[in-house]
Amino acid sequence: MREPKDFPPFLTQEAPVEVERMGLNWLIGAAVATVFLWQLPNGDYILYPFTILATWFHEMGHGLMALMLGGNFQKLEIFSNGSGVATYTMRSTLGPIGPAMVAAAGPMGPPIAGAALILASRNFKAASLSLKILGGFLLLSTLVWVRSWFGLIAIPVLGIIILGIALKAPPWVQGFAIQFLGVQACVSTYHQLNYLFSYSAGSLGLSDTAQMQRYLLLPYWFWGGLMAVASLVILVQSLRVAYGSHTVSL
1 MREPKDFPPF
11 LTQEAPVEVE
21 RMGLNWLIGA
31 AVATVFLWQL
41 PNGDYILYPF
51 TILATWFHEM
61 GHGLMALMLG
71 GNFQKLEIFS
81 NGSGVATYTM
91 RSTLGPIGPA
101 MVAAAGPMGP
111 PIAGAALILA
121 SRNFKAASLS
131 LKILGGFLLL
141 STLVWVRSWF
151 GLIAIPVLGI
161 IILGIALKAP
171 PWVQGFAIQF
181 LGVQACVSTY
191 HQLNYLFSYS
201 AGSLGLSDTA
211 QMQRYLLLPY
221 WFWGGLMAVA
231 SLVILVQSLR
241 VAYGSHTVSL
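Position 193 (the sequence shown) corresponds to 193 in the UniProt record's numbering; numbering is contiguous.
Heads up, some of the hints might be wrong.
Unchecked claim - Here are the computed lysine-lysine pairs in the DSS-like style, where the Cα-Cα straight-line distance is at most 30 Å:
{"#": "1", "residue 1": "132", "residue 2": "168"}
{"#": "2", "residue 1": "168", "residue 2": "125"}
{"#": "3", "residue 1": "132", "residue 2": "75"}
The set of hints was computed from the structure by calculation and includes no laboratory data.
Sequences are here, hints too, so could you generate the full structure?
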């Protein structure tokens with residue numbers, strides 16, 4: 001059994017012994033199980049809330065990056081099948097790099113957000129605050145950007161649940177919840193592997209990776225592979241920082 005110093009501080013605040021023993025191994029097991037379940041015909045139903053949350057991270061990544069580059073984030077639509085669309089305009093002065101950054105911000109939004117959540121778990125106050133920020137931002141985005149009937153129901157429900165955990169759950173539950181949500185966000189990249197390695201997004205036109213090919217020339221499958229690898233590296237490194245460099249190996 002690892003020494004207590006190997007665990008993030010939240011696990012020392014009256015966490016059950018069983019939780020301390022599982023710790024990192026449970027999170028890694030949950031990540032592997034999630035990727036496996038996503039490959040099964042009915043796996044999406046089991047992980048449905050996390051699928052919707054990952055879609056929200058993805059589409060918010062597109063919209064917020066467009067805003068950061070001087071454009072306009074017009075609306076966000078999330079549908080009951082787990083798909084979503086962010087509508088935005090571009091006013092970037094970065095030439096082709098700007099649109100490519102907006103395209104990449106979608107697939108990379110979940111793992112980057114997930115890493116931030118995992119790192120926040122190192123400190124109880126930061127973990128609690130991060131849950132409140134995440135829940136509050138889900139509610140705010142509903143008011144400002146969400147414009148699909150399903151999204152208007154699902155996104156605030158997720159926000160209220162997360163806020164409830166932040167306000168009512170014990171410290172160790174909050175810390176573990178923020179890590180679990182972070183891991184789910186990171187591995188959501190592998191839920192959309194087919195999309196990352198697809199040129200077309202169906203009726204929506206080009207996929208995100210195909211748009212990157214359009215602006216940065218290298219083939220879409222190169223960008224898909226790069227983002228898949230980057231998502232795994234981000235997950236592993238964030239867990240290394242949260243749990244200690246000697247505790248994570250894949």
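Taking 30 Å as the top limit, are the C-alpha atoms of residue 132 and residue 75 close enough? 23 Å, holds
For a C-alpha distance cap of 30 Å, please report whether residue 132 and residue 168 respect it. Since the Cα atoms of residue 132 and residue 168 sit roughly 11 Å apart, the hinted pair holds (cutoff 30 Å).
Would you check the hint for residue 168 and residue 125, treating anything up to 30 Å between C-alpha atoms as holding? Given that 30 Å is the threshold and the Cα spacing comes to 14 Å, the pair holds.
In summary, this structure violates none of the numbered hints.
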